[in-house]
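There are 2 protein chains.
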Amino acid sequence: MEKILRINMADLTTSEEAVKEEYKFLGGRSLTDQIIVDEVDPKCHALGPNNKFVIGVGMLTGTTAPCSGRLSAGAKSPLTGGIKESNAGGPGGIMLARMGIKAVVVEGKPEDDKFYIIRITPAGAEILEAPEEIIGKGTYDTAKVLIEKYPKSNVMAIGQAGEERCAASCISVTNNEGDPSRNFGRGGLGAVLGSKKVKAIVINNEGKRDGFLPIARPDEFKPVAKELSKMANEAGKGLRAYGTAVLVTPVNKVGGLPTKNWHTGQDENFEKITGQAIHALAEENGGQWGHACHPGCVIQCSNIVNDKDGNYITGSLEFETVALFGSNCLIDDIETIAWCDRMCDDFGVDTIDTGCVAGAAMDAGLIEWGDKEGLKNFVAEIGKKTPLGLLIASGVETFCKVYGQSRVPATKGQSIAAYDPRACKGTGVTYATSQMGGDHTFGNALPGRGKDVNPNLPDHQVGVIRMLQILSASIIDSTGTCLFVGPSVTKLPYITKMVNARYGIDMTEEDMIEFGKKVLTQEKEFNRAAGLLDVDMPEWFKIEKLAPFDLVFDVPEEDVANVQNFDVEMDTTRVW
Amino acid sequence: MEKILRINMADLTTSEEAVKEEYKFLGGRSLTDQIIVDEVDPKCHALGPNNKFVIGVGMLTGTTAPCSGRLSAGAKSPLTGGIKESNAGGPGGIMLARMGIKAVVVEGKPEDDKFYIIRITPAGAEILEAPEEIIGKGTYDTAKVLIEKYPKSNVMAIGQAGEERCAASCISVTNNEGDPSRNFGRGGLGAVLGSKKVKAIVINNEGKRDGFLPIARPDEFKPVAKELSKMANEAGKGLRAYGTAVLVTPVNKVGGLPTKNWHTGQDENFEKITGQAIHALAEENGGQWGHACHPGCVIQCSNIVNDKDGNYITGSLEFETVALFGSNCLIDDIETIAWCDRMCDDFGVDTIDTGCVAGAAMDAGLIEWGDKEGLKNFVAEIGKKTPLGLLIASGVETFCKVYGQSRVPATKGQSIAAYDPRACKGTGVTYATSQMGGDHTFGNALPGRGKDVNPNLPDHQVGVIRMLQILSASIIDSTGTCLFVGPSVTKLPYITKMVNARYGIDMTEEDMIEFGKKVLTQEKEFNRAAGLLDVDMPEWFKIEKLAPFDLVFDVPEEDVANVQNFDVEMDTTRVW
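Taken in sequence, the protein lines are chains Y and H.
When you line the first sequence up against our numbering, it's residues 1 to 576, in that order.
When you line the second sequence up against our numbering, it's residues 1 to 576, in that order.
Calculated directly from the structure, the hints in this document are not laboratory data.
One should not assume that every hint holds.
Same chains, same names: a pair is fine if it fits in one copy or spans any two.
[Unchecked claim] DSBU-like mimics (lysine-lysine), calculated; alpha carbons at most 35 Å apart, straight line:
1. LYS518 <-> LYS542
2. LYS260 <-> LYS385
3. LYS451 <-> LYS385
4. LYS20 <-> LYS542
5. LYS144 <-> LYS109
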C-alpha cells in the first residue's frame with residue numbers, strides 16, 4: 001500500500017495515512033496541486049500557519065522509465081501568492097517511491113523558535129531538533145553535517161535565506177555525491193519550510209524497496225521504457241556534452257539572450273559563456289560533464305565546475321544561471337558565474353531570480369557593469385543576512401520595488417527565465433500565462449520549437465504553447481520525468497503507455513491531454529481565488545524595443561488570454 | 001473659464017486646455033479619478049511613462065465653505081497598484097482655484113536624468129531645471145530654497161524617498177508658514193512625481209483671483225456656508241485644543257490602539273501620548289495648538305510641536321503618527337515621536353506606513369522595543385538612502401516580505417491606519433474594501449460612529465460603512481472639504497446646497513449619494529482591471545486574537561463583499 005506522511009510542525013507529531021482513492025493515479029505536480037487545492041485556503045498567508053509544504057512523488061518515479069526520478073514540491077508560494085510546484089533532481093524521489101511514500105505533507109508551525117529536521121526512513125518519519133552546528137549555516141555545511149550523521153541520505157535543506165523566510169529562497173537538494181547543488185529553485189519554497197522551522201528533510205530508504213508499488217503490467221512497461229530511453233539518450237547528446245548552457249548560442253542568435261539587464265538580446269561576448277566553453281574549462285581543470293542529476297537519468301545534462309586549480313566550485317551550472325549572472329550582468333567569466341551559483345545553492349536562493357536582481361542592481365548603480373568582484377560581493381550579502389542581502393533574496397520584483405525600477409523582469413511576482421519574451425515570443429506567452437510566475441518550464445518554446453515557427457514573430461505561438469503547457473503538466477511534471485525527455489506529442493504515446501502499464505489502467509492519449517488540461521485549470525482556479533490575474537505581461541516588454549532586432553512582445557492579448565481557455569479551439573498544426 | 005494644465009515631462013512642454021463638459025461638475029477625488037480612468041491604463045507600471053500624476057481642485061475650494069481648501073492628488077499607486085487619491089492641506093488648493101485651474105496633469109518622463117520643478121503662476125505653468133542645492137535634499141531644505149527664490153509660494157516637494165521612487169514616498173506640502181509638514185501622504189504619490197523627475201511643484205496665485213469661477217447663486221450659498229461653519233467650529237472644539245491625537249484615549253479604551261506591533265490593543269502608558277499630553281507639552285515649551293492647515297479652516301486641528309528648549313520639531317503631529325511610532329513601538333515620549341514625524345515629512349515618506357514598518361522592525365529584532373534612539377536612527381536610514389532606508393520607505397508590506405513576516409498590517413499593499421480592525425470593526429470593513437489600500441479616510445468608523453454600534457462587534461458595521469464611504473467620496477473628498485466637517489447624513493444637505501449654489505445646478509441629496517456610488521464604482525472597476533481583489537483582509541486578523549478583549553475580525557465576508565455592491569440593500573438604520 002502506498003501512503004502519505006503527514007508532519008505536523010505545530011504539535012511536532014507525525015502520522016501516516018493510506019492514499020485516498022482520488023489521489024491514486026496522481027503524481028508529482030498533479031498530486032502536490034491536488035493536496036494544496038484540497039487543504040490550503042488560497043487566501044492564507046504563504047508564511048502563516050495554514051500554508052502546507054507538500055512533496056509529491058511522480059507517477060513513474062522508481063521505475064525504469066528514463067529520467068523519471070524528479071521530485072515535485074509544492075505550496076502556496078510566498079513569491080507569487082499563487083500555487084507553486086517546483087521539481088528537483090537528486091535521489092530523494094526514488095528513495096521515497098521505494099518506501100511506498102507517495103506524498104509528504106508538512107503543516108502547521110511550532111510555537112517555539114527552534115529549528116527542526118524531518119527524517120524519513122523505512123521506520124517512518126520523525127521530527128528531531130536540528131543540530132546546533134547547522135543553524136544559520138549554508139546548505140553545504142548543513143548537508144555535510146547531516147550526511148555524516150545519517151550516511152547515504154538525501155538531504156533537502158534551506159540556507160540562510162530560507163531561515164529568514166525570504167521570498168526567493170529555494171531548497172537545495174543533494175545530488176548522488178552529497179553536494180546540495182540541485183534545487184527546488186523557484187517560488188520561494190525554502191521560505192515556506194523556514195516558516196515551519198524545518199531546516200532540512202533527510203531521506204534514506206536504506207536500500208529497501210518495502211512498500212514500492214509493483215508495476216501492474218511489466219511486460220508492457222519494459223519495452224516502452226527501453227525504447228524511450230534510447231530516444232532520450234540519442235536526443236540528449238548535446239546536453240550531455242555541454243549541459244543546458246548549450247542554449248547560449250541559439251538563444252543569443254535569435255536575439256533573446258538577456259544582456260545588460262535586458263537592454264539588448266545579444267551579447268558580443270556570448271562565446272565565452274557557452275556550454276562549449278564550460279566543457280572546455282572542465283577538460284582543463286578536472287571538472288565534469290555528462291553528470292546525472294538522479295539515478296536512472298540517461299540524458300545527464302549536469303556538470304561539475306572547478307576553479308583553475310581544480311577545486312570544486314559548484315555542480316549543475318545551468319543555462320539560466322549562466323545567462324543571468326553572465327550576459328545579463330556583462331560578466332563573461334565562467335568561474336565568477338560558477339561562484340554566484342555556488343553561493344545561491346549554499347545560501348539557498350533561486351539563481352534565476354537572484355541573477356535578475358544582480359542585473360537590476362547594476363542598472364541601479366549598486367555594482368559596476370561587468371564587475372566580477374562586485375558581483376560576488378553582492379551575492380555574498382545574502383549569507384551575511386544584511387538588509388541588502390535579505391532584499392536580494394526576496395526576488396527581483398521586490399528588489400525593483402525598493403529601488404524604484406519600472407523595468408521589472410517578472411510575471412506574477414516571479415522573475416522570468418533567460419529567454420527574453422520579446423524575442424522568444426512563445427516562451428513569452430508562457431511567462432504571461434504560467435500559473436507559477438515567470439517560469440519557462442511551464443511550457444518552454446525553446447528557439448525552433450514548433451514546426452516552422454519563428455520565435456521572433458507572434459504567429460502560431462499560442463497554439464504551440466497551449467500543447468506544451470498541457471504536456472508539461474501531464475506527461476512531464478506529473479510523472480517525475482525530466483523536461484528534456486520532452487513535452488512533445490511524439491513522446492505522449494510512450495509515457496501514456498508506461499503510466500497505463502504501471503498502474504494497470506487504460507488511459508488514451510486524449511485522456512492524458514484532458515488530464516493536463518485539468519491540472520492547468522485547477523491551478524488557474526486556485527490562483528484566481530488567491531487574487532492573481534490570468535494574464536500578466538509587464539508593460540515595458542510591450543513598449544521598450546529590444547536591440548538588435550527592435551522587438552516588442554506583440555502576441556495579441558486576446559489570444560494569450562485563451563491559452564488555458566479550453567473551450568476555444570486553437571491552431572495546433574505547428575505542434576510537434 | 002476654468003482650465004486644466006498639462007505638464008508633459010517627456011518633451012518638457014506645458015499647455016492649457018478648457019475643462020471638458022464631463023469634468024465641469026467634478027472636483028477633488030472625483031476629478032482626479034475621472035482623469036486617471038480616462039487616460040491611464042490600469043495595467044501600466046506606476047513608475048513607467050504611461051502613469052499620470054493628477055491634481056484636482058475641490059468643487060468648493062476657494063469659496064467660503066468651511067474647511068474646503070483641501071487639495072486632491074491622484075495617480076495609479078506604486079504602493080497598491082490601484083487607483084489612488086490622497087488629499088492634503090496647505091494653501092495650494094485655494095491658490096489654484098483662484099487662478100481658475102481645476103486640474104494639473106503631469107505626464108511622461110524626461111529622457112535625461114535631471115530633476116525639474118514645475119512653477120504655476122497666473123502667467124501659466126513652466127518647467128524649470130531644479131536648483132542644484134535641492135537635489136538629494138529633504139523637503140525642509142527644498143521648501144526653504146524655493147520659497148526664498150519664489151516668495152509666498154506653496155511648495156509641494158518630494159524628499160530623498162521620492163527621488164529614489166520608493167513606494168511609500170509622500171509629497172510634503174508647505175503650510176501657511178512655509179513648513180512642509182502637510183502631506184499627500186499615502187499611496188506613494190511621491191514616487192510617481194520622482195519617476196517623472198519632478199522635485200517640486202511651486203504654486204503662487206500672486207494674490208490674484210483671475211479665472212476664479214464665481215458662485216452662481218451667492219445668496220443661496222452664504223447662509224449655508226455660515227451655518228455649516230458654526231457647526232464645524234462647535235464640533236471641532238476638542239480637535240482644536242488637542243489635535244487628532246485626542247483619539248488616543250477612546251481608541252485605547254475600545255482596545256483598538258496598535259500596541260507592540262499590533263500584539264495588543266491597549267497600551268498601559270497611553271496617557272503619555274494623548275492629545276492632551278501634546279497640548280500640555282506645547283503649553284510648556286511654546287508649541288501651538290488650534291493651528292489651521294489651510295486658510296478658511298475653522299476646525300484647526302493642527303499643531304506645532306517644539307522640543308524642551310522651545311525649538312521647532314514638527315507640525316501637524318497626527319493621531320496615526322502618534323499611535324504607530326508611539327504605542328505600536330512601545331515609545332511613550334512625544335519628542336521622539338515628533339522627531340520621527342519630522343524626518344518622515346523631510347525625507348518624504350508616509351508616517352502611517354513608516355510607523356508600521358518601525359513596529360515590524362522591532363518584532364524582527366532590528367530595534368529594541370521602546371528604544372527611542374534606536375527608533376530615530378532607524379527612520380534616519382531613509383535620508384541616508386541605504387538599502388535599509390530604501391526598504392523602510394517602501395512600506396510595511398514590502399518590509400514584511402523581506403523580513404519574512406506573515407503578520408502584515410496592510411490591505412491592498414498599503415498599511416492600515418492606527419485603528420486595529422479586530423477592535424474597530426467598522427474601520428476594518430473599510431480597510432478590507434477601500435480601493436485605496438488600508439486607508440481609514442475612505443470611510444472611517446471612529447469609535448462611537450453609527451447609532452448604538454459597538455465597535456468591538458460585527459453587527460451593523462457594513463451598513464454604516466457603506467454610507468460613510470459614499471459620503472466620504474462625494475461631499476468630502478470631491479468638494480475639497482476636510483473629513484472633520486463630517487461624512488455624515490446630517491451634513492449632506494448643507495454641502496449639497498453649497499455645491500448647487502456654487503455651480504447653479506440642482507442636485508438632490510439622492511443625486512449626491514448616487515454620485516458617491518459612481519465614484520466608488522469607478523475606482524473598483526479600475527482596480528479590478530489592474531488586478532486587485534475587491535476584498536482584502538489579511539488572514540492573521542481573522543485568526544490571531546487581539547488582547548485584552550480577545551477579538552478577531554469577524555464581520556462576515558459575504559457582507560463585507562457587498563459594501564460597494566449597490567444592488568444589494570443594506571441596513572442603514574444606524575447611520576447618522
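Taking the hints in turn, this is what the structure says about them:
1. LYS518 <-> LYS542: The answer is both: 31 Å in one copy and 32 Å across copies each meet 35 Å.
2. LYS260 <-> LYS385: Classified as both: same-chain Cα gap 27 Å, cross-chain 24 Å, threshold 35 Å.
3. LYS451 <-> LYS385: neither (48 Å within a copy, 52 Å between copies)
4. LYS20 <-> LYS542: between (46 Å within a copy, 31 Å between copies)
5. LYS144 <-> LYS109: Cα proximity of LYS144 and LYS109: one copy only (26 Å, versus 53 Å across).
The structure shown violates just one earlier hint, number 3.
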